[in-house]
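**Student:** Below, each chain spelled out in residue letters.
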Amino acid sequence: MTDTLDTPLTTQPTEPPPAPGTLTAVELARWAWRQLTSMRTALILLMLLALASIPGSLVPQDRVDPNAVRQWQQMHPKLTPVYERLDLFHVYSSPWFSAIYLLLMVSLVGCILPRLKVYWRAATAPPPRAPRNLTRLPHSTTGASTASPDNVAEASRTLLRRRRYRVLTQAGEDGTVTVAAQRGYLREAGNLVFHLSLVVILVAFAVGNFFGFRGSVNVVAGQTFTNARQSYDDFAPGPLFREDSLEPFSFTLDDFKVDFTTSGPMLGQPSSFRADVSYRSSPGADTAKQTLEVNRPLTIGDTSVFLIGNGYAPVITVRDGDGEKVYSGPTVFMPQDASYESWGVLKVPDAKPAQLGFDAQFFPTYAYSKQTGPVSQFPDALNPTLSMTVYQGDLGLGSGVPQNVFVLDKSKLTAVTDNAGKPLSLTIPLGQTRKLPNGLGTVSFDGLRRWSRLQISSTPAEKFALGGVVLGLLGLLGSLFIRPRRIWLRARRSENGSEIELGGLDRLEGHGLDQALTDLFADIQKATT
Amino acid sequence: MSSIQYAQFSNTAIMFAALVYSLALLAHIAEWALHRAPAPDRDLIAVGGADAGQDAAASTGISYREDFAGRFGVALTVIGFALNAAGMVARGLAADRVPWGNMYEFTITGCVATVATYLVLLRFQPIRWLGLPVTGLVVVLLMIAVLLLDIPAGPLVPALHSYWLYIHVTAALLATGAFTVGALASCLYLFQSRAEARGRSRSGLAARLPEPETIDRLSYRVHAFGFPVWTFAALIAGPIWARYAWGRYWGWDPKEVWAFITWVAYAAYLHARATAGWRGRKAALLALIGFAALLFNFVGINLWGGGLHSYAGK
Ligand code: HEM
Numbered sequence: 001m002t003d004t005l006d007t008p009l010t011t012q013p014t015e016p017p018p019a020p021g022t023l024t025a026v027e028l029a030r031w032a033w034r035q036l037t038s039m040r041t042a043l044i045l046l047m048l049l050a051l052a053s054i055p056g057s058l059v060p061q062d063r064v065d066p067n068a069v070r071q072w073q074q075m076h077p078k079l080t081p082v083y084e085r086l087d088l089f090h091v092y093s094s095p096w097f098s099a100i101y102l103l104l105m106v107s108l109v110g111c112i113l114p115r116l117k118v119y120w121r122a123a124t125a126p127p128p129r130a131p132r133n134l135t136r137l138p139h140s141t142t143g144a145s146t147a148s149p150d151n152v153a154e155a156s157r158t159l160l161r162r163r164r165y166r167v168l169t170q171a172g173e174d175g176t177v178t179v180a181a182q183r184g185y186l187r188e189a190g191n192l193v194f195h196l197s198l199v200v201i202l203v204a205f206a207v208g209n210f211f212g213f214r215g216s217v218n219v220v221a222g223q224t225f226t227n228a229r230q231s232y233d234d235f236a237p238g239p240l241f242r243e244d245s246l247e248p249f250s251f252t253l254d255d256f257k258v259d260f261t262t263s264g265p266m267l268g269q270p271s272s273f274r275a276d277v278s279y280r281s282s283p284g285a286d287t288a289k290q291t292l293e294v295n296r297p298l299t300i301g302d303t304s305v306f307l308i309g310n311g312y313a314p315v316i317t318v319r320d321g322d323g324e325k326v327y328s329g330p331t332v333f334m335p336q337d338a339s340y341e342s343w344g345v346l347k348v349p350d351a352k353p354a355q356l357g358f359d360a361q362f363f364p365t366y367a368y369s370k371q372t373g374p375v376s377q378f379p380d381a382l383n384p385t386l387s388m389t390v391y392q393g394d395l396g397l398g399s400g401v402p403q404n405v406f407v408l409d410k411s412k413l414t415a416v417t418d419n420a421g422k423p424l425s426l427t428i429p430l431g432q433t434r435k436l437p438n439g440l441g442t443v444s445f446d447g448l449r450r451w452s453r454l455q456i457s458s459t460p461a462e463k464f465a466l467g468g469v470v471l472g473l474l475g476l477l478g479s480l481f482i483r484p485r486r487i488w489l490r491a492r493r494s495e496n497g498s499e500i501e502l503g504g505l506d507r508l509e510g511h512g513l514d515q516a517l518t519d520l521f522a523d524i525q526k527a528t529t
Numbered sequence: 001m002s003s004i005q006y007a008q009f010s011n012t013a014i015m016f017a018a019l020v021y022s023l024a025l026l027a028h029i030a031e032w033a034l035h036r037a038p039a040p041d042r043d044l045i046a047v048g049g050a051d052a053g054q055d056a057a058a059s060t061g062i063s064y065r066e067d068f069a070g071r072f073g074v075a076l077t078v079i080g081f082a083l084n085a086a087g088m089v090a091r092g093l094a095a096d097r098v099p100w101g102n103m104y105e106f107t108i109t110g111c112v113a114t115v116a117t118y119l120v121l122l123r124f125q126p127i128r129w130l131g132l133p134v135t136g137l138v139v140v141l142l143m144i145a146v147l148l149l150d151i152p153a154g155p156l157v158p159a160l161h162s163y164w165l166y167i168h169v170t171a172a173l174l175a176t177g178a179f180t181v182g183a184l185a186s187c188l189y190l191f192q193s194r195a196e197a198r199g200r201s202r203s204g205l206a207a208r209l210p211e212p213e214t215i216d217r218l219s220y221r222v223h224a225f226g227f228p229v230w231t232f233a234a235l236i237a238g239p240i241w242a243r244y245a246w247g248r249y250w251g252w253d254p255k256e257v258w259a260f261i262t263w264v265a266y267a268a269y270l271h272a273r274a275t276a277g278w279r280g281r282k283a284a285l286l287a288l289i290g291f292a293a294l295l296f297n298f299v300g301i302n303l304w305g306g307g308l309h310s311y312a313g314k
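Protein chains in written order, with the working numbering: chain A, 1 to 529; chain B, 1 to 314.
Hints are computed from structural coordinates only; laboratory data are not their basis. Predicted, not measured: the structure shown is a model, and the values here were computed from it. By construction, the Cβ of each residue, glycine as well, lies at the ideal position given by its N, Cα and C atoms.
Which bits of chain A does chain B cover? Going by a derived footprint, with three or more residues having C-beta under 8 Å, they are:
1) 47-55
2) 289-303
3) 462-469
Turn these sequences into a full structure, and let the hints steer you where they fit.
**Tutor:** What follows is the structure, given as structure tokens:
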């Protein structure tokens, strides 16, 4: 640290040298490492990362929306194998995407570690010595004082300290005193913290993705859910997820309430969803109660339960030709739109003389007119009514191929017809029973419950990710807004006091250094007279 | 007032805001048209002049009429801004929520953010040269909003009711305002540095703009403000909200992906400014790429994308 202007105010790595002509293996490795950890490589990798993120937003992603992926694949049978080979349905866990961010991480760590050392040395060092001629600095001013050089130095030392500079005073042999001051050491620290926290965030994110899981399940009011893998309707574990890490809780959905706006321009919009839940964190634990709302999950240990959907579950009983109860209980219906007009399917394999299947529609507030046919006028259950078409024959359940519970396989079914020979359509208000023709049995609509779709997930290391970004932001703020500045003062003895040279150097130009020097000079004058 | 009256008031205010911004634009065009390359001896005339403003203007080679047109433009911009902001607030009152639930609202609110950024900067720095580009841009944006995007005020779905949402979107809008001004500055910088490279920086349009270095410094400052705000909006408030609404803090939803791309592009811009061989034009291009990603997130994804964020009004 001899000449000040050579010691920069940063710990930025120097540019790597161009590749030498002939190299030993060690030289080659060192050269490659310096390339990898250079600012330019980091920049290129950053741009690659941005570029590589794009396809995942244009092609449907398995982890985001599996249904969209299936639809897309059905529509593009030719492209699908190509896309699959390129991992385009799971871009963010693909080898090529991972390669970019892993390289970036290596580059980052390789860049930070040496910079930490440089920073440590710079941060513990005294302010750099003054250049020989202060008036040659980009900003400087000169003046005279009636005070002695020692007094001037002492005053400026106090003033600079108060302005939070680190100050070093040196007396020369001829009575000249030099004051060197520097502030803004934290800028570089902020930059390092920012880059370090990027590593923390990435590690936390990876842990969450590898060890976490996400699943969902439809639970009808009154039913109990036990946290085991087979209880879920769908379950997406991370690659390193272990089933024994599922927490052994269970909960019952006691009640599920929805409020709809009944007047004004928002008529029929839901205004609140509330799920009352009693839960036990383990089989032996006490029961606790909580109300779940949108944006207010239930958290048990590391697992959270979120409300993400809801609908109606009509309670339906089917008796067959022999009068046997062959189907009974709440059935989940899928809402089709904001009016909660819903679709559902009943499969009754045990009915005799023939297996029965029902394609059913549910109207929470049933209304009928010639023009519109049956509609639901309001999403709340004011006039709940079922409307169904009936099929008999073979449901195709015996084939061993798992079936979608929301679809009837009609290949071996025939529609049951009415007296006029048209497909029979039954309309059943709540509490009523309808007879099927030809002695097939009866259907009754006995009650109405609601169901809610719950997403259950655990993302380990969430807190670290949050801590990482918050820390990163603080570092970033420091790095962007703290401005390192150096100021030197030299006071020489003169006939009636001292001659003063004042100079400064900013890391970023354009922040009023001239004004600061003028102010400082005025303050020194004031303090020494 | 009832919500319908608020909505009508809002529409009227936005129409008038567009009108007044257009007049401001005309004033700034006049300002630029009246500009004369400073003749070396004219500087002397104003010495001892009575009017301080005129004095200052003359000493920088600006004629009285040019300066007047510019000031008039700024005054009109302030009025346009007041109308624009009133329209935004009324829109929020009409729908009984924050006024950025769909693309129309996002556009009018984005204009408020952009003009606010410009006016605040103008308070502290001599950047009236941004007046013409800024007013030109908001006129175009408001036209598009009124003619193509107008959607009646409606409610938000319950999943969007959360104060983290408000924080998230407010911050995103603030950053958008800064990035918009930053993008304008980057364009002007590219224009000006090219003019300088061809030796034409003191003639034609280029003569109305400051040195490339000055533009670049302004561009850096607004970006340096916008970037941490965007970081907070997209990488802190957004994920926290997503965590409470959907049970995961980051799910690579298209909207999240483009917020991320935007962030990476602006990070690359700041990084490039400190990288040898990348300062200047290349860095400015990166800033513009970041802005393109920001716009795509707002326009492209809302129009074509699905995903959980598609509430934003198709
Ligand atoms: C994960 C990828 C990276 C991101 C997102 C990133 C982002 C940023 C940002 C936003 C800045 C400007 C703000 C500031 O001054 O603090 C910056 C500055 C900086 N970055 Fe990075 N960076 C990354 C990787 C790297 C790597 C690998 C290196 C090592 C070569 C590096 C070295 C630096 C340095 C030295 C500065 C300060 C420049 C100056 O002196 O002003 N960064 N980075």
